[in-house]
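Undergrad: Work the whole structure out from these sequences, hints included.
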Amino acid sequence: DAMVIQNPRYQVTQFGKPVTLSCSQTLNHNVMYWYQQKSSQAPKLLFHYYDKDFNNEADTPDNFQSRRPNTSFCFLDIRSPGLGDAAMYLCATSRVVAGIGETQYFGPGTRLLVL
Amino acid sequence: KQEVTQIPAALSVPEGENLVLNCSFTDSAIYNLQWFRQDPGKGLTSLLLIQSSQREQTSGRLNASLDKSSGRSTLYIAASQPGDSATYLCAVIQGAQKLVFGQGTRLTINP
Numbered sequence: 001d002a003m004v005i006q007n008p009r010y011q012v013t014q015f016g017k018p019v020t021l022s023c024s025q026t027l028n029h030n031v032m033y034w035y036q037q038k039s040s041q042a043p044k045l046l047f048h049y050y051d052k053d054f055n056n057e058a059d060t061p062d063n064f065q066s067r068r069p070n071t072s073f074c075f076l077d078i079r080s081p082g083l084g085d086a087a088m089y090l091c092a093t094s095r096v097v098a099g100i101g102e103t104q105y106f107g108p109g110t111r112l113l114v115l
Numbered sequence: 116k117q118e119v120t121q122i123p124a125a126l127s128v129p130e131g132e133n134l135v136l137n138c139s140f141t142d143s144a145i146y147n148l149q150w151f152r153q154d155p156g157k158g159l160t161s162l163l164l165i166q167s168s169q170r171e172q173t174s175g176r177l178n179a180s181l182d183k184s185s186g187r188s189t190l191y192i193a194a195s196q197p198g199d200s201a202t203y204l205c206a207v208i209q210g211a212q213k214l215v216f217g218q219g220t221r222l223t224i225n226p
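Here the protein sequences come in this chain order: A and B. Numbering of the first sequence is given in the numbering used here, commencing with residue 1 and proceeding in unit increments. Numbering of the second sequence is given in the numbering used here, commencing with residue 116 and proceeding in unit increments.
Honestly, the hints are just simulated from the structure, not real lab data. Note that CB positions come from ideal geometry on N, CA and C, so glycine has one too.
Pairwise CB distance ranges (calculated): (1) A/S22 to B/T160: 16 to 24 Å; (2) A/S80 to B/S184: 43 to 51 Å; (3) A/R67 to B/K157: 24 to 32 Å.
With a cut-off of at most 20 Å between alpha-carbon atoms, the simulated EDC-like pairs for lysine to aspartate or glutamate come out as follows: (4) A/K44 to B/D142; (5) B/K213 to A/E102; (6) B/K116 to A/E57; (7) B/K213 to A/E57; (8) A/K38 to B/D154; (9) B/K116 to A/D59; (10) B/K213 to A/D51; (11) A/K44 to B/E118; (12) B/K213 to A/D53; (13) A/K44 to B/D154; (14) B/K213 to A/D59.
TA: Laid out in structure tokens, this is it:
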């Protein structure tokens, strides 16, 4: 059974048209992450939620926002997608206990195409 | 700033060979180190997690080692198979929650 689910798997949007990517988890993990991965590059952390606490990476563009309405769901909102935002977006979860992060589990990713 | 380097960037070997993938990191103050596999166009699959207090972990034909003092980890794959062809990423876990990834090694196993 899938533990980290991402929808949709493929998303096509127009330049400047807002888009939302969805992630859900059945692991009851307290931390959820969003990564951006461009072709032949390593995943780059955009932000993460530690429970309800939002942690933004310093170099994440303002164009990217996130919401976590409950433990199971996390959303990535791209307010005005540019051509450079075309990438694979990966959601991951982990359990952090006593300040120590355990294995991160990744979803299958959403491939975003911007026209 | 932590930097993670993987060598080689690409590797092609005949089926059945044993092989070693290398990962190095600049800051030894890590919590854990994780090895992932990524197939083209897919998400990441966790292979092994080594905690900072451990020196190695094994899963089937895979063995990962960690030497924190020298900032190195290796992933050993025994008796390679064509199905092992993928990109292998190592990542160090810092600040309890954040992964810093290497660029990956693209592995091709030739039948």
